[in-house]
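Here the protein sequences come in this chain order: A and B. Sequential numbering of the first sequence, starting at 7, is according to our numbering. Sequential numbering of the second sequence, starting at 7, is according to our numbering.
Quick caveat, the hints were computed from the structure, so don't treat them as lab data. No residue lacks a Cβ here, since even glycine has one placed at the ideal position from N, Cα and C. Do not take every clue at face value.
Unchecked claim - What follows is a set of in silico ranges between Cβ atoms, one per label pair, in the way DEER data are often shown:
#1 Tyr98(A) x Gly97(B): 38 to 44 Å
#2 Asp293(A) x Arg160(B): 36 to 42 Å
#3 Ala420(A) x Asp76(B): 24 to 30 Å
#4 Asp293(A) x Glu219(B): 21 to 27 Å
Each chain, letter by letter, is given below.
2 protein chains.
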Amino acid sequence: MSVDGFESTALFTDRYELTMIDAALRDGTAQRRCVFELFGRRLPGARRFGVVAGTGRLLEMLRDFRFGDDELRYLRDNHVVDAETLAFLEGYRFTGTVTGYREGELYFPGSPVLTVEGTFAEAVVLETLALSVLNHDSAVANAATRMSIAAGDRPLAEMGSRRAAEHSAVAAARAAYIAGFGATSNLEAGRLWGIPTMGTAAHAWTLLHDTEEEAFRSQIEAFGLDTTLLIDTYGIEEGVATAIRVAGPGLGGVRIDSGDLPTVAAEVRAQLDALGATGTKITVTSDLDEFAIAALAASPVDAYGVGTSVVTGSGAPTAGMVYKLVARQDAAGGWVSVAKASSDKASKGGRKAAFRTLEHGTATRELIVVSDGFEEVQTAADQPDARALQVTLVEGGEVDAGALGPAGVQTARAHHLRAREELPVRALALSRSDPAIPTVFVDVEG
Amino acid sequence: MSVDGFESTALFTDRYELTMIDAALRDGTAQRRCVFELFGRRLPGARRFGVVAGTGRLLEMLRDFRFGDDELRYLRDNHVVDAETLAFLEGYRFTGTVTGYREGELYFPGSPVLTVEGTFAEAVVLETLALSVLNHDSAVANAATRMSIAAGDRPLAEMGSRRAAEHSAVAAARAAYIAGFGATSNLEAGRLWGIPTMGTAAHAWTLLHDTEEEAFRSQIEAFGLDTTLLIDTYGIEEGVATAIRVAGPGLGGVRIDSGDLPTVAAEVRAQLDALGATGTKITVTSDLDEFAIAALAASPVDAYGVGTSVVTGSGAPTAGMVYKLVARQDAAGGWVSVAKASSDKASKGGRKAAFRTLEHGTATRELIVVSDGFEEVQTAADQPDARALQVTLVEGGEVDAGALGPAGVQTARAHHLRAREELPVRALALSRSDPAIPTVFVDVEG
């Protein structure tokens, strides 16, 4: 989908969005100003808080959300929309406003994570792209932050690329880093987002050589004593003995990728110590999730590598957020709050301003001020000891450059770690629970 | 990562693969001929069979697996590999052979889904890309085939793009289609892979208009009576009444996206029939998975739309396949079978030939003939009433063009539906179970 030097993101879109634009251009509602809101009705997996991730990626893709020749030809040849709509799409540039939570911010049920304002036609068409990015990246971040909390000060690396689709793997590495991981195995995440990368050798390295000893010797010759040797290809005890025989007690580290880790880690530590390798670090990497990491807190482990569980959201592979029309202009230009009324999927209409109230620096409530008109709603000034959660991400179609690229990732990571400091202690537990703080809606006159 | 008119896929790679190449170029093992095998140790989710998907995508990305200027600059600037390895990567083209299961084929624990033969250096570097693609796409296909079986002859559409990362959504639509779905909401999947697309309107369409009646009237004016109206924005009974009042009894369809579907579908059918709209079809789309679809078998439902559960693998978001060195040359050029010996992650060394044995057309065993050398293993001719499962996908670096693009998708879908016909009836049940047929390994002399 590369056109004129840009890779169009415009067809990461569900067909019904274009169908609605088609009909709305005919009946005149396409130009009605609208407010769409992206939020989660609940925290998947009964987690205690969520982490917004993907915002910077979304903003970059919003810049490339233009229908190029390939896209228009497909839509025309397949009669997806009529000629008038094709002309509209050909000229499409998002000219509206996007406000939202900073990337890395915490969120709770009902938090207005992203608010898109523009004409119906220009805002409705972003539904799928916005949800795809934020639902995936936030699902990874939601899991990653728990692993990061469980790991404490021990280094934590993401190495799950092989268990995620190839582009998702890059996004997952980015989201995990924002939520507290320190490195990734994924090279494209390093190149594109500036995330530190790591990795030395797989079992194939040992199997490629005629003996484990030859493999270890070759690795040390190539990378020096500070490398990490994978010691469980044949037997762990034999692997440790071989490693220290080859490297001496100054070996940097060993990696264990199988077995019952609390038991094996203790045995390997004792063996290393007995061999004088008291400074050799132990990295474990076998099927870890936040619970396994927590269970290793008292074990002599120096670093963790996490694969499958972090890139698949550790049981909750999507954040399950939705994108809903919450306010629009009527035929006379007045603003109307709107919401679906279905019993099991009701949502709350109206434009929203969100604050996190704090007591002595600890979060107490997710306070959401709802305007049933479209006036400016209350600001943080009206909420003593509250932090305003929304910032402007796109203004008049112009994207906030600070949220983009590797710099945006660093800002998001730093913001996440600060926001996490505000959580009450009970939020850090791993068991299923209600959200750590309640979401409180306050209605004001429009 | 677009370079010289191609989008490089070379950094969809874990760092340790390049690190191993770096060390192997120094010690001379980089040029040893190797056989890597991609397989699953078990079927995730205790399913009864698996579905291979992603092969065609992988082959297209294999063609673009070349290190361009951007990739090489990143690796050099970040000291990932040394100058000799950079030179090797700059000239990298896969020149080996890939054999594997046809896309759409069924697989079982231990099935050699993909076999990559080449030098160590050229084959080891494909680990992450191959696993990313096949693990994701097969996870979706594994779930989709069960939904397709549960839906029977009723049309089934994939509409989960919003619950998957943006590129994964396209791959998921493709995998679901191969595994029996009939259409997708995802436009890029339509453009790129030729998959039929569908979709008419969201709740935002109704909320955009001053009344539900205006929304319905406008939609019918735009698309005619054959369109599908979403009738649950306010009240379902009122929505149906309004739909038929506006459209008359010739309305094409209604869609229900909330509520207890067996109950609601029956009520809507009765109401439609009472209004004379006996030909109006009912599509349901609310949080469906294979179990919910099966539970609706006796309900008056005409079509299903499935979102979250299919794109996230319905509880098993990765197929969990691994990529292991199973045979290699030694220093003298002889072939050696190799395998990791760890108790909980042992694998079976040796090159493998795979057959599905049949009795009266029904599958009875996954027969895997293992050669401990590197001779040609037994062929289908030695196995009466057995079907050879592997085909050549890449020969001397040249990709089988028939597996690519929309034509490859159609071939894979047809093959899947044929292969599914061979399954014993017990394989079609949805409950957790052992695999439907046993995997039997037979060792032969090399």
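For each hint, the structure was consulted:
Between Tyr98(A) and Gly97(B) the beta carbon distance is about 42 Å. The supplied range of 38 to 44 Å therefore holds. Between Asp293(A) and Arg160(B) the CB atoms are about 39 Å apart, so this pair conforms to the stated range of 36 to 42 Å. Distance hint check: the CB atoms of Ala420(A) and Asp76(B) are about 27 Å apart, consistent with the given range 24 to 30 Å. Asp293(A) and Glu219(B) have their C-beta atoms about 56 Å apart, which leaves the hinted 21 to 27 Å range violated.
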